[in-house]
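Sequences listed follow chains S and E, in order. Per full-length UniProt numbering, the very first residue in the first sequence carries number 1; after that it's consecutive. Per full-length UniProt numbering, the very first residue in the second sequence carries number 1; after that it's consecutive.
Incorrect hints may appear among the rest.
Below, simulated SDA-like cross-link-like pairs (lysine to any residue); rule was C-alpha separation at most 20 Å, straight line [stated by the list, open to error]:
no. : chain 1 : residue 1 : chain 2 : residue 2
1   : S       : LYS54     : E       : ARG124
2   : S       : LYS180    : E       : ALA73
3   : S       : LYS54     : E       : PRO75
4   : E       : LYS69     : S       : ILE110
5   : E       : LYS579    : E       : VAL159
6   : S       : LYS54     : E       : ARG602
7   : S       : LYS180    : E       : TRP426
8   : S       : LYS180    : E       : ARG602
9   : E       : LYS62     : E       : LEU84
10  : S       : LYS180    : E       : ARG124
Source of the hints: derived by calculation from the structure; they are not laboratory data. Just so you know, these numbers come straight off a predicted model, no measurement behind them.
Spelled out from the first residue to the last, the chains are:
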Amino acid sequence: MSKEKMFEINRRDLMIVGAATAASTGLPATAYAEATPEAVVKPDDLASLDDTLKSTVSFTVNGEKHELSVDNRTTLLDALRERMQLTGTKKGCDHGQCGACTITVNGRRINSCLTLAALHDGDEIVTIEGLGQPDNLHPMQAAFIEHDGYQCGYCTPGQICSAKETLEEIKAGIPSNVTKDLSGPIEATDDEIRERMSGNICRCGAYSNILAAINDVKGQNA
Amino acid sequence: MRFDKPAGDSVLADTKVIGKPVHRVDGPLKTTGTAPYAYERHDVAANQLVGWPVGAAIAKGKLKSVGTKKAEAAPGVVAVLTTLQFDRLPLSQWNTANLFGGDQIEHYHQAVALVVAETLETARAGAAMLEFDYAPDTEASFDLSKTAPTGDEQPLSDVGNFEKAYADAPVTIDVNYTTPAESHAMMEPHASIAAWDGDEVTLWTSNQMIQWDKMALATTLKTTPDKVRIDSPYIGGGFGSKLFLRADAVLAALGAKRTGKPVKVQLPRPMIFNNTTHRGLTEQHLKIGATQDGKIVAISHENKSNALPGGSSEKAPAPTQHFYATDNLYCINRTAEMHLPESNAMRAPGEASGLMALEAAMDELAEKLDMDPVELRIMNDAKVDPSNPNKTFSRRHFVECLRTGADRFGWSKRNRKPGDTREGAWLIGHGVAGAYRGAPAQASGAEVAIRPDGGVVVRTDMTDIGTGSYTILAQTAAEMLGVPVERVRVELGDSRYPVSSGSGGQFGAVSSTAGVYAACVALRKKIADELGKKHDDLTFADGAVHAGGSTTELKKLTRGGRELSAIDTMHFGDFRSEKYVVSTFGAHFIEARVHSLTGEVRLNRMLAVCDAGRILNPITARSQVIGAMTMGAGAALLEEMAVDHDRGFFVNHDLAGYEVPVHLDIPHQEVVFLDVLDPVSTPLKAKGVGELGICGVAAAIANAVNNATGIRVRDYPITLDKIVGKLPTI
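Put together the whole structure using the sequences plus the hints.
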């Protein structure tokens with residue numbers, strides 16, 4: 001069994017663990033309902049709202065088209081995490097201060113907590129789930145593992161989405177605050193990378209390792 | 001199993017997996033966003049409602065009334081819970097500030113209401129409709145400099161005669177340092193999902209100490225611990241902020257009880273800074289006396305720090321009790337009872353802030369003596385515990401840390417005089433500081449089992465807060481049972497599993513690996529019995545048991561598709577603390593640059609050398625240390641929760657106002673681990689390292705700034721406003 005599979009806690013495993021423990025401790029079945037994919041996305045959530053308070057929005061997430069009814073106040077982050085159960089994108093501050101919710105919209109990275117879902121009709125959205133999966137890692141995800149570019153893992157999806165886009169932005173010639181020469185191609189120096197990654201806070205302090213991971217992927221692409 | 005005497009030379013002498021650079025086993029989940037954190041457990045219970053918590057708008061006083069009618073009538077709102085609907089909830093031994101219930105407000109942003117609704121948006125909108133009427137208490141204390149301590153403190157250390165020795169000393173320094181309140185600011189906010197089943201409640205939460213959390217929640221909900229289950233397999237950082245039961249868990253449990261449905265609550269980021277705990281402010285007074293040639297003869301370290309009435313404060317003199325040799329030592333910590341939020345443990349409580357003062361004061365002494373600060377520290381290395389000369393250090397390689405670091409860093413080529421080394425408009429400076437952190441161990445239990453497929457499973461209520469517990473526990477079991485790490489599955493954070501040390505005080509890694517070691521020994525004995533062999537004759541390797549020429553595959557040991565399992569707990573004997581001081585040591589070296597016009601401080605390079613016994617995994621241990629160095633850089637240069645002395649709260653209570661280091665703030669970091677074992681510490685001869693890394697960093701930075709500019713900032717953090725205007729003229 002691969003390492004990835006070994007640590008993939010799927011619902012079946014959870015139930016096996018739960019059942020085994022329940023049997024050994026004589027616990028009855030729970031009173032609250034088992035979660036099912038249908039029950040989690042509650043279609044009647046918005047029933048109490050006036051029509052003026054909600055919108056229907058269509059967008060593409062990780063290559064798949066979705067049509068969603070949303071509360072107009074719902075951020076893109078909460079639409080992903082709560083209504084679509086794409087919880088790889090994290091909520092660290094909900095105020096655009098930490099970068100844990102970084103995703104790309106139409107090829108540009110944004111803080112998904114700072115924008116409303118209803119504003120994204122027709123947009124192409126890519127989240128961490130769209131980059132790679134445990135048994136099919138994106139090179140940046142693999143590099144983060146190789147260089148231990150994380151500890152608690154909570155800022156990690158945002159760091160990885162930002163890291164990938166950082167290299168793209170440098171390649172596209174988009175200058176940053178530390179770019180010295182605006183007339184030619186931009187060199188992906190350590191400080192150029194650090195500056196562009198500075199919107200993604202890692203309180204575990206894995207910055208040195210994240211830089212190593214990004215430089216590794218940069219080298220692979222060169 | 002008991003650990004009653006130092007581990008013999010033969011115990012884990014030649015390891016194959018422990019101590020090796022194994023990549024994090026939870027990496028594929030964390031890098032793909034598939035590791036499940038507390039608030040995202042959509043899978044555990046259907047029809048979850050959302051609770052939005054509200055914090056008090058005053059720091060002290062009484063909540064007279066809450067108008068709930070508008071909120072109750074708002075779309076989507078299912079229930080409104082206010083603190084006035086409950087009696088003050090009982091507190092566990094681990095909590096100081098009221099969590100919920102009653103009309104008394106003890107600190108700003110104390111939880112006063114929860115609006116439960118169908119969605120986050122409707123809950124938040126409902127919360128905004130609540131109408132609060134407060135009667136603030138003007139008799140309150142929010143300014144540490146104006147608050148007298150309680151006055152009943154006993155010295156932490158009082159050896160020899162400090163006053164006389166200091167008065168007689170030819171060279172003395174007498175300096176005051178302050179450190180501000182700091183916030184843990186872990187990336188994952190406190191969050192819990194609660195669901196009741198009759199009188200039993202389950203919390204999917206984010207907590208470092210599962211057993212404490214379970215006991216505390218039982219106390220607070222007025223039930224028994226057997227009615228509470230806690231599950232916290234992934235934790236988005238803690239640093240001490242998630243050691244204890246907090247309002248998110250209590251409110252989720254109460255909301256779920258009221259509505260009869262699962263309820264989830266996440267503390268909004270701006271509520272965390274005042275609602276939860278913080279590292280307390282300190283006012284430190286250091287006096288050091290020395291001979292002309294640099295031998296320290298007297299040290300006094302006095303501190304005053306804030307706490308809520310009945311709470312504990314930041315014990316800054318803690319490291320001074322054990323760090324430098326002196327026959328005359330006086331250390332005292334005084335608590336000023338105030339009405340700021342609850343001060344409590346943050347990474348290396350006491351040591352981190354104490355060393356910000358002590359290690360800068362040592363630099364001041366070196367300057368006065370015109371001595372190399374590395375040599376001053378080496379000359380005063382303690383051979384016995386200064387607080388109790390009958391005790392020795394289990395292992396102490398502080399001098400080796402300093403020498404190795406000085407060599408590696410190029411200390412001999414350092415800047416000598418402020419202003420001497422320049423790069424353009426930047427002044428370059430070099431600083432050193434010592435690091436000291438105790439290395440406790442706590443009882444820790446685990447279950448280890450052979451699975452029917454020959455794999456191994458480890459179950460314990462231990463937590464992984466980013467520290468690498470999943471990985472080092474897998475390594476421990478792999479080592480003991482002779483299987484590859486990939487064949488070990490580790491299940492953590494569930495209160496139904498054996499009680500572990502939990503994660504805190506840099507005791508987690510050493511204690512929990514010892515617990516898994518104990519369970520593995522128990523399992524090996526069980527296997528020996530099954531095979532009719534003597535335990536000592538068995539060898540575990542290549543997924544099989546070898547004994548006297550016969551080989552049995554592990555999977556053949558299981559019967560009927562069931563696991564072969566053993567449970568044990570490692571208990572640590574008193575010998576560890578009665579005979580020894582078990583501690584970790586280190587040295588930090590910093591090169592900083594200070595802009596000669598603006599006073600801006602940037603870091604060029606950071607080096608840490610650590611003496612922490614066996615390093616269980618150099619990858620995860622190094623990450624702990626660089627992360628702690630980063631947090632120490634924040635403490636030196638950025639982090640301060642500003643106190644509003646009139647209204648009594650931390651003003652900059654979000655991640656924009658409370659600045660922590662970002663990518664561009666952190667330069668190249670190097671970490672060196674001394675290759676040493678400490679057989680007094682645990683059977684694995686390991687000591688914690690996660691808190692050692694933050695100890696001394698800030699002082700090394702302060703010393704580098706002083707070395708560059710000649711400016712000694714004694715009120716942290718060292719922001720440019722404290723430098724500009726004092727810079728040397730060009």
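Given the hint that LYS62 (chain E) pairs with LEU84 (chain E), test it: the Cα-Cα distance must not exceed 20 Å. Roughly 10 Å between the alpha carbons, so the hint for LYS62 (chain E) and LEU84 (chain E) holds.
Does ALA73 (chain E) sit within 20 Å of LYS180 (chain S), going by the straight-line distance between their CA atoms? violated (58 Å)
What's the verdict on LYS180 (chain S) and TRP426 (chain E), does the C-alpha distance respect the 20 Å limit or exceed it? holds (18 Å)
Satisfaction of hint between VAL159 (chain E) and LYS579 (chain E), Cα-Cα up to 20 Å: Status holds; Cα separation ~18 Å.
Is it true that the CA of LYS69 (chain E) sits at most 20 Å from the CA of ILE110 (chain S)? Since the Cα atoms of LYS69 (chain E) and ILE110 (chain S) sit roughly 39 Å apart, the hinted pair is violated (cutoff 20 Å).
Holds or violated: LYS180 (chain S) with ARG602 (chain E), Cα cutoff 20 Å? Distance of about 18 Å is within 20 Å: holds.
Does ARG124 (chain E) sit within 20 Å of LYS180 (chain S), going by the straight-line distance between their CA atoms? violated (45 Å)
Agreement of LYS54 (chain S) and ARG124 (chain E) with the hint, judged by alpha carbon distance not exceeding 20 Å: holds (16 Å)
Please work out if LYS54 (chain S) and ARG602 (chain E) have their alpha carbons no farther apart than 20 Å. violated (48 Å)
LYS54 (chain S) and PRO75 (chain E): Cα distance at most 20 Å? holds (12 Å)
Hints 2, 4, 6 and 10, counting from the list given before, are not met by this structure.
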